[in-house]
Amino acid sequence: MGRYVIRRLLQFIPVFLGATLLIFTMVFALPGDPIRALAGEKPMSESVRQELTDQYNLDDPLPVQYVKYVGGVLQGDFGTDFRGREVSDIMKERIPRTARLALVAFTFELIVGVGAGLYAGIRQKGFADSLVLISTLTVISIPIFVLGKLAQLLFGLHWEIFPVIGIQEGWKSYILPGLVLGSVSLAYVARLTRASVVENTRADYVRTAKAKGLKNRRVVGVHTLRNSLIPVVTFLGVDLGALLGGAIVTESIFNIPGLGNAVFSAIVRQEGTVVVGITTFLVLVYMVTNLLVDLLYAVLDPRIRYD
Amino acid sequence: MNTTRRTTKVLSLVAAASVAIAACGSDDDSSDTEDTTVDTEAEASEGEASEGEGDTDTTEAPADTEADAEEPAEDSNFDTESALTGLTVVDDTTFTVDLSEPDPEFNLRLAYTGFAPLPDAFYDDPGAFEEAPIGNGPFQMDGVWNHDETIKTVPFADYAGPNAPSISSLTFNLYEDTTAGGFLDLQGGAVDVVRSVPLENLGTAEAEFGDRYAQTADTGIYYYGFPSYLEEKYPLDLRRALSMAIDRELLNDVILEGANIPASSLIPPNLPGARDSVCANYDSNAEAAQAAFAEFGGLEALGDEPLVVWFNTSEAHAQIAEAITNQWREVLGIENVVFENLEFSEYLPKLDAQEITGVFRLGWGADYLSPLNFLEPLYAVASTPPVGSNTTFTDIPEFDEQLALGKAAIAESGDLADAVPFYNAAEDILCENVPSIPIYFTQNTYVWNDTVDGVVQNALSILNYSEMTGGDVVTAAGEPEHLSPINSSESEGIQVLSVLFETLVGYNATTSELENWVAESIVTEDGGQSYTITLSEGLTFHDGTPVTADSFVNAWNFAATGSNAQQNNGFFSNIAGYAELNEG
Chain A
1 MGRYVIRRLL QFIPVFLGAT LLIFTMVFAL PGDPIRALAG EKPMSESVRQ ELTDQYNLDD
61 PLPVQYVKYV GGVLQGDFGT DFRGREVSDI MKERIPRTAR LALVAFTFEL IVGVGAGLYA
121 GIRQKGFADS LVLISTLTVI SIPIFVLGKL AQLLFGLHWE IFPVIGIQEG WKSYILPGLV
181 LGSVSLAYVA RLTRASVVEN TRADYVRTAK AKGLKNRRVV GVHTLRNSLI PVVTFLGVDL
241 GALLGGAIVT ESIFNIPGLG NAVFSAIVRQ EGTVVVGITT FLVLVYMVTN LLVDLLYAVL
301 DPRIRYD
Chain B
1 MNTTRRTTKV LSLVAAASVA IAACGSDDDS SDTEDTTVDT EAEASEGEAS EGEGDTDTTE
61 APADTEADAE EPAEDSNFDT ESALTGLTVV DDTTFTVDLS EPDPEFNLRL AYTGFAPLPD
121 AFYDDPGAFE EAPIGNGPFQ MDGVWNHDET IKTVPFADYA GPNAPSISSL TFNLYEDTTA
181 GGFLDLQGGA VDVVRSVPLE NLGTAEAEFG DRYAQTADTG IYYYGFPSYL EEKYPLDLRR
241 ALSMAIDREL LNDVILEGAN IPASSLIPPN LPGARDSVCA NYDSNAEAAQ AAFAEFGGLE
301 ALGDEPLVVW FNTSEAHAQI AEAITNQWRE VLGIENVVFE NLEFSEYLPK LDAQEITGVF
361 RLGWGADYLS PLNFLEPLYA VASTPPVGSN TTFTDIPEFD EQLALGKAAI AESGDLADAV
421 PFYNAAEDIL CENVPSIPIY FTQNTYVWND TVDGVVQNAL SILNYSEMTG GDVVTAAGEP
481 EHLSPINSSE SEGIQVLSVL FETLVGYNAT TSELENWVAE SIVTEDGGQS YTITLSEGLT
541 FHDGTPVTAD SFVNAWNFAA TGSNAQQNNG FFSNIAGYAE LNEG
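Just so you know, the protein sequences line up as chains A and B, in that order.
So for the first sequence, the working numbering puts the first residue at 1; every next one is plus one.
So for the second sequence, the working numbering puts the first residue at 1; every next one is plus one.
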């Protein structure tokens, strides 16, 4: 187990280098002059333009720029954006916001999703089952910005339960966007859990458990659910990464200045340092959650062993 | 076994790479230290200078220099030594400005936040200064700039200028999308004032807000330009036809929800010299357009080459381009149209480098309120890129001549009105030559909640926070790019800075007329070649230090020095000595 984890952690190094190089090259390949764009329609004086171009090493060839960048990163310097703000400051500021949003969404989809899926699975073909299937289908079919705008209108403007937009009111501000963000994944989690539970209730070991005369709660909770969770955990692991990095739409509907928005505007402004910094962080998040998922397999299913 | 071998290989690779990187790193380091030594010397000598002449200085100034000596700023690659030869401090409240060539409108330019004074504290660390700027305006920072969330300000207790506020605090809520986000929060009650209504809400805003919705004149133009280097493909008759074929009224009503003013001239309606109509070429007239198109040679003369329309990527620009080309199709029968849309970062360099292959869209907002600001920067030979914004590369000597005559007229009488006939003559010349098609003039459209009163947005799109009433006021804004007068060139930053800083002169919020603010007088006796500026006495910055002639002169010198890379550097280009500070 220990050796397995170390091996996986060592794999982070080449992935880090590869990911940064790849993203760096892609931002580098974008056409245009980001420094000129800073000034907008007003002219920028040649001397200032040259000075800024030099400051951000934009005249250097790609390999030199990349080596300078990685050199900085290894010394703990993630560079600055074109406004002169430290990328590490931007990340320190934005990661907690996106993390809160993701946490609300994740908790919601985990508890409600697995709960609904389990309930529908054991009450197969009943009213609850149909309700879960139909409601999840509806949620999956509605684009997230429609859900978001609808939630703002009803819960924010009409009933005034939650703030409409922004993050001024602390945790309360994250509930509505978190629920919207989590709702689509919730539908998948519920359906996945249900399918898996339905399959497992017919499994030999469940029949054995029942035949042994175990209480129904133990049969469902330990034997059925635990074994049904493997595909769900896989999905949740990947989804956690997606919640952190891919929440651009939800973040912009609810005006949450998180990572998604930062990456988007940095791409438009061609701020390589910001794009690389944040996406590399996201790559690491993906890798860590994947590692955790793999380790969880062994916990859930004793037949799976590492080493 | 296998895995361990692989990992060692990876590790050794990483080690090799980091050695290589460390090598480059140390190179950088050594050059850095060289920089800092030069700078500390510079700072030291400046410190001495200020102590020498600083009998009148308060105790704060020496304290600052001490702090400097103790911990030299880590990356102080800034040059605080270089100075414009055109700026001379006469005494504490007087300084003179010599321009490299006469500009009778220089005093109008001084209303721009870029010309605001800076306290000594700025030079300790210009980057850190932006987190909590210390200004001389009616409001001061309450805490630091909370990035992407809020900027809180409160009235400055010792404010002695003409714009004393009556509200008890002013908070800027920062949005990724100011217009949409701010408007939604206003509907929800979390924001009190929004300075621009989203396009999709314009139709219902008046019904929803009644007299808490207003449209006032802004000073900006949206236009289509023809690069003069494409004269062969777009000769005069074709340009005339394309201009006259656009139904500006219809475009404004349908696409822009009537929020703007259809433009048949180049000088915005709220400026002196504005006219309803300049010449037939700028009027919307389908028949005349068809006649001009026939003179050009019609569709045959256009040939197989498509008509290319360039704009920078945005939903609004795309809709406008769509509507305009539709009108060209209906009126002139031009079917073969291609759109080229690019991100701004790619679009602007192409304009500067003469790489546009057709008609292009651009906008222009006033730096200061004068017709000249809508003619000279966009069409004068002297403003050809990279120096200025004449992206059509217009070169008409008679036009430049009229501008010169207009300037001479102001220089002689000191009255803008005397220049207006010449500016109008210049506008006529452009209308005859059609280097660009005016499409619409922009307007402010804004709404507020019933908790505030007296909301007015002036002709430079600045809200009059000093005249509002309503206790704690929250307003919607975007995250500024910078928060320093000499480094902020976009509207979000300027909006915040205009309450934190006060300029020499400024525009009255209600009347949009120029008033003296920090300045007691600005006098030129040689037709705009040199100015003597006298400051009001007893004004202070938020940290208690006095606003003196040095506060202006040092700030302008710093901004004008190219190596300090301040965005507003170009605004100082007509002060004598600018060229020397921006070589190489």
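Any given hint might turn out to be false.
To be verified - Subject to a maximum C-alpha distance of 20 Å in a straight line, what follows is the list of computed EDC-like cross-link-like pairs (lysine to aspartate or glutamate):
no. : chain 1 : residue 1 : chain 2 : residue 2
1   : A       : Lys172    : B       : Glu131
2   : A       : Lys42     : B       : Glu131
3   : B       : Lys152    : B       : Glu131
4   : B       : Lys152    : B       : Glu479
5   : A       : Lys92     : B       : Glu490
6   : B       : Lys152    : A       : Glu169
Unchecked claim - Computed from the model, here is a short list of chain A residues facing chain B with C-beta under 7 Å:
no. : residue
7   : Ala29
8   : Pro43
9   : Gly79
10  : Glu86
11  : Met91
12  : Glu93
13  : Val249
14  : Ser252
15  : Asn255
16  : Pro302
17  : Arg303
18  : Arg305
No lab work stands behind these hints, which were simulated from the structure alone.
Here the structure is a predicted model, which is why all the values come from computation and not from measurement.
Ideal Cβ placement from N, Cα and C applies to all residues, glycine included.
Practice task
Tell me, in ascending order, the numbers of any earlier hints that this structure violates.
Solution key: The structure breaks hints 1, 2, 5, 7, 9, 10, 11, 13, 16, 17 and 18; every other hint is satisfied.
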